[in-house]
Amino acid sequence: MLQGDTPTEVPLADDWQHLVGGARLEDLAAAIASGSRKIFSQGLSQWGLYYGLARMLPGLKRTVLLITASLKQAWAAHQSLSFFLGLAEHWRGDPLECPLWLFPTANRRMPAEPFVAPDVQAQRLAVLYASAASSQAKIIVAPAQAVMEKVLPRRHCMDASRYLVVREEIQREELIAHLVSIGYYRTDLVEEVGDLSVRGDIIDLYTPLYPQPLRLEFFDEVLESIRFFSPASQRSSEHLDDVIIVPAHEVLLTTSRQQRAASSLKEALEEEGRWRGDLELWQERVKGLGHFPGIEQLLPLYYDRLETLFHYLPLSTLVVQCNSGSIKKTVVELLEQADRDRDVARQNSRWTLSPETYLLNEAEIDTALESYPQILQSSLPVEHASDGKSSEVLHFRLGDHRGLQQKIQDHQQRQRLLEPLAQRLQQWQESGMSPFLVCRTAEQGRRVEDLLTDYGVDAQFSSEPFGQLSFRAPVTKIVVGRLPMGFLWPDEGLAVVTETELYGEKPRRHRVRPPEIGSFLATFADLQTDDFVVHLDHGISIYKGLVHLKINEHSNDFLLLEYQDGDLLYLPVDRLDRVQKYLGVEGYQPRVDKLGGQRWASTRKRVQDSIQKVAQELLHIYALRHIKQAMTFSPPDSSFREFEATFPYEETPDQQAAIEDVLADMQRHKCMDRLICGDVGFGKTEVALRAAFKAVMDGKQVAILVPTTVLAEQHYLTFKQRLDGYPVFLEVLSRFKGRAEQKKILADLQNSLVDILIGTHRLLQRDVIFKDLGLLIIDEEHRFGVRHKERIKQLRAEVDVLTLTATPIPRTLHMSLIGIRDLSVIDTPPEDRRAIETRICSFDDIIIKEAVRKEKARRGQVFFVHNNVKTIYRMANYIQELLPEITVAVAHGQLRERELEQVMLDFIHHRIDLLVCTTIIESGLDIPAANTIFINRADKFGLAQIYQLRGRVGRSSEQAYAYLLIPGEHLVTRQAQRRLLALMDFTELG
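According to this note's numbering, the sequence shown holds residues 3 to 992 in order.
Hints listed in this document are in silico derivations from the structure and should not be mistaken for laboratory results.
Don't be surprised by glycine CBs; every beta carbon is placed ideally from N, CA and C.
Certain hints may be false.
Unchecked claim - Derived Cβ-Cβ restraints for the label pairs, each shown as a range:
no.	residue 1	residue 2	range
1	P886	G290	54 to 60 Å
2	G547	D579	15 to 21 Å
3	Q138	G37	21 to 27 Å
4	G547	V871	48 to 54 Å
5	P476	G727	52 to 58 Å
6	E176	G61	44 to 50 Å
7	V168	G290	34 to 40 Å
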């Protein structure tokens, strides 16, 4: 410990006695202060390293560059450091005082990676600027590839940045032109980093250094105010006195730079004529105006020479290599991959730049590193010789919790799941150590606190950040944070345990911000100019854009709505909740209402009359359910709480509310009839699992009814995995079960040997007899036929019913909304659910092979959507020839039902690597291993189709990719790219 936190000498339990007597954190701090050029830290785990850097940072008073082997490890390091530093999710102070940064990879690989995402460009430029402009102590986390990648020269980056102060006189038109030249893209509405919008005296822009976009308001040439505003609601918030505007793109366009790039391409064309087609296309784009799609690939052509991240760092920077051996191996592999990319491209008559123009080689990296003091971390106790002057070797003794994990896993078959943890915590406390248990949410923390108290552990939940907690209190502290892995460091008197050690691997994913307002129209991103919208009071109109007006000395933004006969309505943005986007059949144009007319009022009255009629018809049926006395289930007990605690994600607020609603219904004396409505992947299945677990623990049987055999198998696998280790017996009943198997399952069901039965409409037949059915769970009820629904209606009068749906039929939703059926809506995505990375590119063999092999390497699967049955087998054969090492299958709507089901089951069970399919594949399928999707001729799909197709990937902790394949001529300008992204790239979930 540092700064007075020296641990007392205490006797330790035998199983970690061997960890005593190693180097301490103060030894590392002393070695740094002594001026050692290389410090070999042996036996120091990466999690212990992150803790140590966070503790030492205030005393170091310098920049720290932490290099990892991969981007995934960089994210884990950034997440861990954020926890140990006690940082909020978004830094709200002066951007140059932020103590933690992540420098991502640009991944400029021609032609395998055709674009660099705007947010990645922005994040890299923010780090470069902060590195050069601020002497504040900070940690920059960078994967090896990002360190290797060359960047724009420091001088150009700093010269292109602008410092703006309120009340300053600024040439407004010159500023706008400058912003465009440094990569800002003019658009009607600012929604993502790099966007720029000009409306009258207002300039809106989203610049990389800040967590929200900025609104600059001018009076003539004087900058009157600077405010943050929400990209969702477009409403302004806090005022700023000054801002720093950094470039949004590494290619800073000037006439001379464009001429330089064009000249370089001309020389290449003269020397290497066999790539004439490619080179002429690049030439045409370079000579055009603005930043075109793929300009990032030509970065070396725009400057005399490129520099690296090292050119932006102070010479006092401390470089830390996390697992230095892996970093060296990664550098070699990346250089070899770059050479292979170039060779493959040339074999396919494609022009590319040589790797040395955009990547540092091994020797150049070694030379750059020698300029800085270094810490070389290794978890293994590998011996390094010290010369006593320029280097030093420190031997640390840290442990992990694999033994504890194994004990918990061995304990899963018993009831007291956390007993091994409780025993270990008590041993640590008795030895004088400070145990910390890191939970992902406050709710989970309090839940674990209650569970540990039942085991007799002195545990205390704290909402304080980790860095502010006392390390000397003889109590287990439970804190909230996102730490992938813990560690044991007896020499520091510290034990940190995470949920990963307790319940297995947790998904590490980026946070997706939920919508900021809950209104009819959630965000301006839902609207495009000329969209039809519905005003609650005035009816259907056409959205004509956002305008800025000044009325009686007050400025505001207004939605401009056009009604019949050209009548206009200016709606203030703070009344956005009065407007909803028109939802109808795609391509259908509704009749526009007359402002002040009677047609809209008549329409509303007809709808109200229809609602009353349906309510009267159904009121009698559902009144009987309220009268009938049903079995009441018991309140949740400790075994239920332990089952809750093993959920590998954190519950969203909506999901938790739905769970509590269901449990409350089950404890009432009337039959439950609740509808859970939520998008695919939002957590409806976990709600059903909790209800099923509670029913089984109270001695009742559960039936789960699904519309297809494929979904039955999907649910069976999900329930089986989640209930593993608990005394719950599951079976699945479908056409894939033989007659003998079905007969045995039905006999076991009647004898209470089956607790949960999952099946299709086969469950509704008369020979399916439950011994004691207590709960019926129905998935997507609207997909069942009339005869099946009649049988479901009979069951509703007898048992608790829970219905899950992503798209409820109007009557079902209507009944829920008017209170006949209870409704729980899950419209918040999982808090960490990673947005799908969408790429627009031409149909290119290299891109397809690279993406599929990348997915195959991480044991994933691929969808390839080709929505033409006539040519689908030809496409499948083409892909099979392109990638002979993978297994390819075809699925489309003209296959026989059993054949289609078999293909899908093979895909679910990972017997198929790539599925060439039409849009017939069910959107409700959850295949976590499928994280890459190609959509061929994406320009022919509608908005709703693109959204549904993309939703089939991105269900796991892995980053998901959607490749929208379109003809190459559509990628002529950046404007075309942005138009397609605006249409198809919905990263907001739900």
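| task | Quick one: which hint numbers does this structure break? Sort them smallest to largest. | result | As far as the earlier hints go, 1, 4, 5 are violated by this structure, in ascending order.
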